[in-house]
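Student: Use the sequences and the hints to build the structure in full.
Chains as they are written, first to last, in my numbering: chain A, 10 to 178; chain B, 8 to 712.
FYI, nobody ran anything at the bench for these hints, they're computed from the structure. By construction, the Cβ of each residue, glycine as well, lies at the ideal position given by its N, Cα and C atoms. Keep in mind that the hints are not guaranteed to be accurate.
[To be verified] Taking beta-carbon pairs under 10 angstroms as the criterion, some of the chain B residues facing chain A (in silico): (1) D84; (2) R86; (3) I90; (4) N552; (5) V556; (6) I647.
[Stated by the list, open to error] Footprint (simulated), chain B over chain A, 3 or more residues, beta carbon under 8 angstroms: (7) 12-19; (8) 55-62; (9) 142-149.
[Unchecked claim] For the chain B half of the interface with chain A, some residues (derived, Cβ under 7 angstroms), not all of them: (10) I64; (11) G399; (12) K533; (13) L589; (14) D619.
Next come the chains, spelled out residue by residue.
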Amino acid sequence: MTSIKDYARTSFRIVEPDEIEIEYDGDSDLLTIYIDGKPYRGVEPIKPFPLSNPYYVLFRSTSTHEDICVVNDIRRLKREKRILLERILDKRYFIPSIIDVYDITYTGEYYVCKVKTDRGDRTFKIMGRRNVYRIDDKIVIIDVDENIYLIESYEKMGRKAKEELMKIV
Amino acid sequence: MDTDVKLSSDESIIAKFESDIAVDGRYGVSYLIITNKRCIVCDDKGGIVHSADLSDISSVSIVDYVGNSEVKLTLKDGRVIPIIRFTRSLRKEFNEAVSLLENASSIKAVINERGEERERVKFKMGPLLFVLRFTLPYKLALILGLASGIAGIFLGLLPPYYLRILIDDVILAQRREQLIVIITIIVVTQALSSILGALRSYALSYVSLKVMHSIRVNLFRHIMRFQPNILDTYESGRLISRITDDASRVNWFLSWGLEQLLRSVISLASVATMIFTLDTRLAIIASAPLPLLIFGVSMFSRKARWVYHYEWRRSTDVSALLVDVIPGFPVVKAYCMEGYEEDRLKIRLNEVVKAGLRSTILNLKFFPMLSFIISSATAIIWWVGGLEVLGGRITLGVLSAFISYVSQFYGPIQTLISIVEPMKRASTAAERIQSLMSMDPSIKDAPDSIDLDIKGWIIFENVWFGYTPYTYVLKNVNFEVKPGEKIGIVGPTGSGKTTITKLLLRFYDVNKGRVLVDGVDIRKIKIESLRRQIGIVSQDPRLFNDSIVNNIRYGKPDATPEEVMAAAKIALAHDFILEKPLRYDSPCGEGGSMLSGGERQRIAIARTVISDPKILILDEATSSVDTITEDGIKKALDNITRGRTTIIIAHRLSTVKDVDRLIVLDKGEIVEVGTHQELLERNGLYAKLWNTQFQEKLTEAQVSG
Chain A
10 MTSIKDYART SFRIVEPDEI EIEYDGDSDL LTIYIDGKPY RGVEPIKPFP LSNPYYVLFR
70 STSTHEDICV VNDIRRLKRE KRILLERILD KRYFIPSIID VYDITYTGEY YVCKVKTDRG
130 DRTFKIMGRR NVYRIDDKIV IIDVDENIYL IESYEKMGRK AKEELMKIV
Chain B
8 MDTDVKLSSD ESIIAKFESD IAVDGRYGVS YLIITNKRCI VCDDKGGIVH SADLSDISSV
68 SIVDYVGNSE VKLTLKDGRV IPIIRFTRSL RKEFNEAVSL LENASSIKAV INERGEERER
128 VKFKMGPLLF VLRFTLPYKL ALILGLASGI AGIFLGLLPP YYLRILIDDV ILAQRREQLI
188 VIITIIVVTQ ALSSILGALR SYALSYVSLK VMHSIRVNLF RHIMRFQPNI LDTYESGRLI
248 SRITDDASRV NWFLSWGLEQ LLRSVISLAS VATMIFTLDT RLAIIASAPL PLLIFGVSMF
308 SRKARWVYHY EWRRSTDVSA LLVDVIPGFP VVKAYCMEGY EEDRLKIRLN EVVKAGLRST
368 ILNLKFFPML SFIISSATAI IWWVGGLEVL GGRITLGVLS AFISYVSQFY GPIQTLISIV
428 EPMKRASTAA ERIQSLMSMD PSIKDAPDSI DLDIKGWIIF ENVWFGYTPY TYVLKNVNFE
488 VKPGEKIGIV GPTGSGKTTI TKLLLRFYDV NKGRVLVDGV DIRKIKIESL RRQIGIVSQD
548 PRLFNDSIVN NIRYGKPDAT PEEVMAAAKI ALAHDFILEK PLRYDSPCGE GGSMLSGGER
608 QRIAIARTVI SDPKILILDE ATSSVDTITE DGIKKALDNI TRGRTTIIIA HRLSTVKDVD
668 RLIVLDKGEI VEVGTHQELL ERNGLYAKLW NTQFQEKLTE AQVSG
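Tutor: Now the structure itself:
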C-alpha cells in the first residue's frame, strides 16, 4: 500500500537551495535549471500557492509538463539566483499589495475602489463580496477585469482604510 | 375504546394505532392494539375482529395498494392473515406498528429510539434561566452592568426630591443663594446618571455579545455531534435559523430585556416607597390599576407563547425554502420555474404576514387597554391632588414631586408591559435553543467503544436496514471484503448501493444484523476512529467556499504542500489547478460553484486520497468526468489503492470491470457475486446490465460514426 506521503516523496523532489543552479533559458521567460549537474531546459517556475505560501516554487518542464522539483522557500536561495528567479516570478505573479484605501464608492453596479498599492495608486471595480475572499488574515480582491490585489493584513491597515474596506469585506 | 377490550390480568397495552379505514372498508375508525401478549384488531365499538398471540406470529408485512395499505400477519403455521387497512397517510404510523410487532423483544429498543431524538417538552430549568447559565463566565461584567443600572435608578430618584426643595424651600421661600446649589446638584446627578448609563450599556452589550457567541458555538458543536440523519428531522434552514435568529433574540434579552426587567422592578419598588412617604392617599390611588395590569399581562403571556411559536415557525419556513431554492438556482432557471418558486415563496411569506398580524392583533387586544388604564389613573391623581392643593392640605411642591414620582412609577410599569412581548419572543427563542441542546444523538459512541487501527476487513452480516421503519432498503445483506481487496458494487438505481456506504460510515445504524470492521462490530468502534480511516468520494461531492488547497487539506489539515499536490496529481487535478490564475489558492465558490462538475469531483478525490484512508469508497466518484479522464484517474488511483481495501460503486460498469470481485444488488438484495468474467458467463442481471450498456455504446458509436 503506497501512502500519500510516499507518493508525494516520489512525485515531488524537494531540493535544497545549494542543490539547484538557475539561469535564463535564452531570451524567453523560461529557465534552465541544473540539479546535481543535470540540466533541465525550458523550465517554468510556478507558485502553486501564490497567496498562502508565496515563497514556495515548483519548477515544471513546459515541454513534458513534468514536475522537476520544488524549492520550499526561495528566500533561502543565494542572492543572484533569487534575483533572477524573482524577476520572472514578479512578472508572472503581478499581485500588488494594497497598503492604503482612499475611497470605496458604490455606483449601483460596481464598487469603485481607489487604493494605494506597493506598485502605485490604482482605481478598480469589483462587483461585490464575491470578488473578495479571505485566506487566513489576508484578503484577496479580484476585480472585474480579473486583476488580483492582496491585503496582507486587514488588522494592520489604517483606521480610515479599514472603515472604507468595511463596505466590501 | 380500549376499555371495551377485555385483557387478561397479566396483559397490558404497549401501543395502540388508529386506522382511518373501518372494518367494512369505508372511511372510519378501527384499531390495532399491541399488548405484551397479543396483537388485536378492533372495530370502532371495541369489538375484536382479529386477535393473534405474539408467540404465533412468524412475520409481519405491509402490502401497499392504490390509496391504502394493509398489515398482514404470517403465522407460524403458514397462514397469512390480513388484519387492518389504512390510508397511505398513516403509512409511517403503521410502519412503526409493524416494527413493534415484528420482534417482540425489540419493543423497548424501538420505543427508546423513537423518543431519543424528539425534543423534550419539559425542562428542569426555564428557558431564560437556561440562557442565563451562559453568562457565568462573564458574571463580573454582568454584575457591573446591572449594578450601574440599579445605581442609575437611585440617582434618578434625586431630581424630583430636589424639585420639591427648589419649589417650596427656594423659589417660594425667596432663598436666592440656595438656587445655584440645588441646580448644581441636579446637573451633577444627571451627569453621573449618564456616565452610569454608558457603563451599563457597554457592560451588558459585552455580556450579550459574548453569550450570543457562546450559544452559537455550543449549538453548532451540538448539531455537529449528530449524524447526517438529523436532516431527516430538521430542514437545514430551520437549524440555521436556530443558530442565527434565535441567538439574536436571546441577545436582545441579555443586552436590553434583563436589565430593563430588573431596572423596572427596582425602580417600581423604590418609587413606590417614595410616593407612599409623600402622600398615602394619592399613593393608593396611583396603585389602584396594578391588579388589573398584572391580570392583563398574565393573560397576554398565556396566549402569546403559542402565537409567537407559530409566527417563528412561519419565518423558518421561509428560511428553509430559501436555503433549498437559492443553491438550486441553476435548476430553477433550467426548468424555467422562477414563477413557481416565487409562488411557493409568496405562500410562505403570506403565512408570515398572517402570523405577524395575528400576534399584532393579540398585542392590540391588551396593550392599548393597559395604557388607557394608566392614563386614567394619572388624570385621577391630578384631579384629587389639585383639590388637595386648593384645599391647602398639601403644598404645590409636594404635588409636583408626587406627579414627577408617579410618572416614574408608571414608567417602569409601562416598560414592564412593553417588554412582555419581546420577552416572550426571547423566551420562546431560548426554549427552542434549549430543546435542541437537550436532544441527544441516537448514534453516538458506546461507553466501551474502542479506537481501532483498521486493516480493512469488512463483513456485512445479515444486514437489514430501512430509512423509515420497516421499509427495508437492504434485506439480509451478507458479504465480506478482505483486507486490500478491491470490490465493485453494482446494480440498478435504488438497489441500495450507496446505503451500504452510509452504514459502513455509521451515518445510520442497521435495523438488524451487524457490520463488522476487522471483526469488530462498528457500534463498538469510536465513530471518529472509524470515519478517519474510511475515505469516501461521492457522486455529487460538496466543496466548501474556500480555496482549492484548503478544500484538499480538509482530508488532512497538516498536509505538506507536496502531499496536497500529490493528491491532486492522483486525482488528475494538478494540471487544471496549475492553469488557474491563483493555482491552488483559487477560490472554489459556494459549494464549488466556481468549478465544473468534473473539477469538483477530482478535487473531492484529492481530498479523500490525501487522508490516506484504510478503506476507500468511490461512490460514482468518476461519474462527472469523461471516460478518458476516468481512465487516467483509475491508473493514478491504482498506485494508491494497491493493497488498500477499496469499494467502488458505479453505474458505468466499465469503471468496475477490473475489480477483484463484483457484488450485484437488486432491490436491496445481493443477487450475484463474482468477477466480471464469471458474471458474464452466468448470464444474470450483471450480464444484462453489461450488454445493455455495451449496446448503448455501440449505438452511440454508430450514430457518431
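Student: For this structure, which hints from the list above don't hold up?
Tutor: 1, 2, 3, 10, 11, 12
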